[in-house]
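Quick mapping for you: the protein sequence lines, in order, are chains A and B. Each residue of the first sequence is one higher than the one before, counting from 1 in the working numbering. Each residue of the second sequence is one higher than the one before, counting from 1 in the working numbering.
There's no promise every hint is true.
Each pair may be met inside one copy or between any two copies, as identical chains are not told apart.
As the list claims (entries may be wrong) - Mimicking SDA-like on lysine to any residue, the simulated pairs with C-alpha atoms at most 20 Å apart in a straight line are:
no.: 1; residue 1: K46; residue 2: D136
no.: 2; residue 1: K134; residue 2: R98
no.: 3; residue 1: K106; residue 2: N120
no.: 4; residue 1: K148; residue 2: E114
no.: 5; residue 1: K134; residue 2: E94
no.: 6; residue 1: K148; residue 2: E138
To be clear, the hints were calculated from the coordinates, so they are not data collected in a lab. As the structure is a prediction and not an experimental result, all values here were calculated from the model.
There are 2 protein chains.
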Amino acid sequence: MESCATLPLSQLPYVYPSTLSSNKAYPFWPCKRRSSSQPTRLHCSKMFVPGFGEASPEAKAAQNLHNFFTFVAVKIVAAQLESYNHEAYEEPMEFLSRHSLNDGDKFCASMFRESSRHKNLALRIMEVRSAYCKNDFEWDNMKRLAFKMVTESNTRLMTEYVLETSHVGTEK
Amino acid sequence: MESCATLPLSQLPYVYPSTLSSNKAYPFWPCKRRSSSQPTRLHCSKMFVPGFGEASPEAKAAQNLHNFFTFVAVKIVAAQLESYNHEAYEEPMEFLSRHSLNDGDKFCASMFRESSRHKNLALRIMEVRSAYCKNDFEWDNMKRLAFKMVTESNTRLMTEYVLETSHVGTEK
């Protein structure tokens, strides 16, 4: 019971698969500077990020979060259904086993067209992902955690390397 | 020349693969409420998000962004090298072809231990990902795009469905 209450691994969304796959069209260099936020600023102080074509890294990250929010919404709705209507819960789980959640919009579009019950469920998932994105998700917390993560990871990687090489030196 | 100047598809990081893969240990229900930001607030008004165990959706999203920033940093450094030192550019590209970028920290740790030249390159990538995360990445822009995306996607999905069913109705 418990194992079927979790989303299968194959349902996890990928990061930026569709857009970055077209990288081949965009060589690293030469390429235009990022123009998403400051199109009129010719001498941008930001680092040049190649390979995103017309889009921006922010758009790719937002697209990825959009798929993640659909994944979270499916988990929220499934947990709600499981808690008060176990029979109704089986149906979306069966649908999940047949459809990938990599592309959240595609998943919702397919669910819309499955049956009238599935349509209502898709509407609910869409409503939940919107509410989750706009009200529940802690954006500042994510930013804080990412800042912390990059600092701690860099320190840890360097410390590990230093300890490793010092150890070798001591053994000599 | 151009095709080898792009990162191979296999180098794209996956979303939340390592942590969500342990979902089986966390049934949807019963489970504790999210406690990342408001541990003392017993009656949280937020929706219950199951399946993240001790972590939070924000931590998973931050971890994913962390890997994405490493990916972006590699692209930035590779583009810089290609523009002024094409010979030095070949080396990291060869390393990239042998190592996955799915886990940014693991990638940097391996690069650290490859050779002294690779070590310097890894240090530079780590510095760039930190600077990119803290200075260049437009967090508010990403949030704005994600808000826009969820609203527009939901509207589009519903409009498409209504148009589709109206069309069928007209044809009858």
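Status of the hints after comparison with the structure:
In this homomeric assembly, K46 and D136 come within 20 Å of each other (Cα to Cα) only across copies, at 6 Å, whereas the closest approach inside a single copy is 31 Å. For the identical chains of this complex, K134 and R98 are neighbours neither inside a copy (29 Å) nor across copies (40 Å), given an alpha-carbon limit of 20 Å. Within a single copy, K106 and N120 get their C-alpha atoms as close as 16 Å, which meets the 20 Å cut-off; across copies the closest is 43 Å, which misses it. Proximity of K148 to E114 under the C-alpha cut-off of 20 Å is found in neither arrangement, the shortest distances being 43 Å within a copy and 27 Å between copies.
Taking the shortest Cα distances, K134 and E94 never come within 20 Å of each other, neither inside one copy (29 Å) nor across copies (43 Å). Taking identical chains as interchangeable, the C-alpha atoms of K148 and E138 lie at most 20 Å apart whether they share a chain (15 Å) or sit on different chains (17 Å).
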